[in-house]
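Engineer: The hints should help you fit chain L onto chain A, whose structure is shown.
Those protein sequence lines, which keep their order, are chains A and L. Each residue of the first sequence is one higher than the one before, counting from 1 in our numbering. Each residue of the second sequence is one higher than the one before, counting from 1 in our numbering.
Please keep in mind that the hints were generated in silico from the structure rather than gathered at the bench. We treat Cβ as the ideally placed atom computed from N, Cα and C, and that holds for glycine. Some hints could be false.
Said to hold, decoys possible - Derived, one-sided and incomplete: chain A residues facing chain L with beta-carbon distance under 8 Å:
(1) Val-10
(2) Gly-23
(3) Val-34
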Amino acid sequence: MTERVKSRLVYLADVVTLRLDPGKCTGCRMCATVCPRAVWELEDRRAVIRDRDACIECGACARNCADGAISVRSGVGCANAIITSYFSKDKGGCCG
Amino acid sequence: MAQPFVGGAFETPAGPVPRVGSDLSAADRRGGLKVRWGIGRMEYGVVPALYALGEPDAEAPVLVSSNYKLSFDALRSSLAGRSAFLLVVDTQGINVWCAAGKGTFSAAEVSRRIAEARLGEIVRQRRVILPQLSAPGVTAREIESATGFKAIFGPVRSEDLPAYLDAGCRATDEMRRKSFDLGERAALVPMELVPALKWAAALAAALVLLSGLGGGTGYLAELASHGPIAALAVASILLAGAVATPLFLPLLPGRAFSVKGAVAGAVLFAPIWIAIWLTAGGGDRVALGLELGGLGALAMAGAAFLALNFTGATTFTSLSGVRREMRFAIPLEIAFAAAGVGAWLAGRLAS
Numbered sequence: 001m002t003e004r005v006k007s008r009l010v011y012l013a014d015v016v017t018l019r020l021d022p023g024k025c026t027g028c029r030m031c032a033t034v035c036p037r038a039v040w041e042l043e044d045r046r047a048v049i050r051d052r053d054a055c056i057e058c059g060a061c062a063r064n065c066a067d068g069a070i071s072v073r074s075g076v077g078c079a080n081a082i083i084t085s086y087f088s089k090d091k092g093g094c095c096g
Numbered sequence: 001m002a003q004p005f006v007g008g009a010f011e012t013p014a015g016p017v018p019r020v021g022s023d024l025s026a027a028d029r030r031g032g033l034k035v036r037w038g039i040g041r042m043e044y045g046v047v048p049a050l051y052a053l054g055e056p057d058a059e060a061p062v063l064v065s066s067n068y069k070l071s072f073d074a075l076r077s078s079l080a081g082r083s084a085f086l087l088v089v090d091t092q093g094i095n096v097w098c099a100a101g102k103g104t105f106s107a108a109e110v111s112r113r114i115a116e117a118r119l120g121e122i123v124r125q126r127r128v129i130l131p132q133l134s135a136p137g138v139t140a141r142e143i144e145s146a147t148g149f150k151a152i153f154g155p156v157r158s159e160d161l162p163a164y165l166d167a168g169c170r171a172t173d174e175m176r177r178k179s180f181d182l183g184e185r186a187a188l189v190p191m192e193l194v195p196a197l198k199w200a201a202a203l204a205a206a207l208v209l210l211s212g213l214g215g216g217t218g219y220l221a222e223l224a225s226h227g228p229i230a231a232l233a234v235a236s237i238l239l240a241g242a243v244a245t246p247l248f249l250p251l252l253p254g255r256a257f258s259v260k261g262a263v264a265g266a267v268l269f270a271p272i273w274i275a276i277w278l279t280a281g282g283g284d285r286v287a288l289g290l291e292l293g294g295l296g297a298l299a300m301a302g303a304a305f306l307a308l309n310f311t312g313a314t315t316f317t318s319l320s321g322v323r324r325e326m327r328f329a330i331p332l333e334i335a336f337a338a339a340g341v342g343a344w345l346a347g348r349l350a351s
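This is chain A alone, in the form it adopts within the complex (with noise of 0.2 Å):
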C-alpha cells in the first residue's frame, strides 16, 4: 500500500480514469514533473500513484510519458462544458 496524502481540496473517490502499466515504466520522472496535484512520486525509481484521488485527469503525465506507461481518459472536469456539449457539437473544454 502506498502512503495516501491528504490534500486539502479533493474531489469524488474513486473516480477516475487514471492507470499506469509498471512493466513500462523506465523511471524518468517526467509524469512527477508535469502533475500540477502531486499525485505521483518514484520508489525505487519507478513511478507510483501516491494520491489517485487528487487526479484531475488533466492528461499531462499520460502526454508527456515517452514509455507509453500511463493511460486516462482526458477532459476538462467542467459542469458548464459537459451541459453544453449536450445542446451542441462543440466538443471544446470550459472558457469559451
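Structural biologist: Just chain L, lined up with the frame of chain A:
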C-alpha cells in the same frame, strides 16, 4: 500590430522584435480587472510573436506563454530587472491551462512559432521553458524533434520563475503544485456572479409577479408583502452559489459541489425563514410553512446548480468526477426546484 504595451523594437540577428517591460501600466491593470468581471474577456489577446524583455543576449532564457493578455502580463511582470525572450504562441486569446486542455497550446503550435521567429538564429542556447500547466496539451519531446530546441517545463506560477531560473531551472515540489487559496478563489467570484445575474433577475421577476396571487388583501398588497420574500430567496441562491461556495469551499461539507452549494443555500436562507416565521402574526400557518419551505428548497436547488457550475473554474475536479456528480445532482436539483416552486405556489394560493 500597434500594441500599447510595446515600447519600440529590439534588434536581433533575425531582425527587430517588439520590446516589452515588466512594469504593468494603469491601462494593463484596468484591463486585467475588467476581464475578471467578464468585460471584453474573449477579446483580450496579445499578437503571437517573439518579444524581448530587458536586454536579452544569445544565452537569455526563452519563456513560452499563451496569447491571453492576463497570462502574458503575469509572465512579464514577474521578471522585473531580468532579460529574457518571451515566445507568445497563438492560443486564440485563451489562458495557458484551458488552451492546453483544448489542444490549442500544443507542441505543433510551439514548434511553428519557434521556426517563424527564427529563434535558432537569435539565441545560441537550445532550450525553451514552457509553463507547467501547458503540459496537458504539449508533448514536450515532439518540440525537440521538430525544432532542435529542448522544451522543459517551468513552474506552475510565473511568480516562481525568478527563483526557478536562479536555481538553474530547477523547480521545488511547491512550485509544481497548483494552489487554490482564498485569494485565487475570490478572483473567480465576479465571473460566477455576472453570468448568473441575468437568469436570477428573470427568476426573481417571475416569482415576484406570481407572489401576488392568493391571500385576501388584493394582488398588489399581497405582492408587496410576499414578493420580497421570494426575491430574498433568489438573492440567497446567488450569494450562496456564486459567492459563498467559491470563498468558503474548503469549509463547506461534502466533496460534491452540489452538496456544498445546497448547504450554503440552506444556511443563507434559514435566517430569512426563521425571522418571517417568528414575526408573522396570525393567519394560516400551514400556508406560510409551504411558502417558506418551498422557497428554501428552491434556494438549495439553485445554489447547488450554481456551485456545480463552479467546478470548471476550480483546480481539483476531474471530468469523470463531474460526470458522476451530474448524474445524481442534476435530477435532484430539478426535483427540488420543481417541488419547491410547487409548494410555494400552493402555499400562496391556499393563504
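Engineer: Decide, hint by hint, whether the structure agrees.
Structural biologist: Structure-based check of each hint:
For Val-10 of chain A, the interface hint holds, since its Cβ comes within 8 Å of a Cβ in chain L; the closest pair sits about 7 Å apart. At about 21 Å, the closest approach between the beta carbon of Gly-23 of chain A and any beta carbon in chain L exceeds 8 Å, and the interface hint on this residue is violated. Annotation: interface hint on Val-34 of chain A holds; nearest CB of chain L at approximately 4 Å, less than 8 Å.
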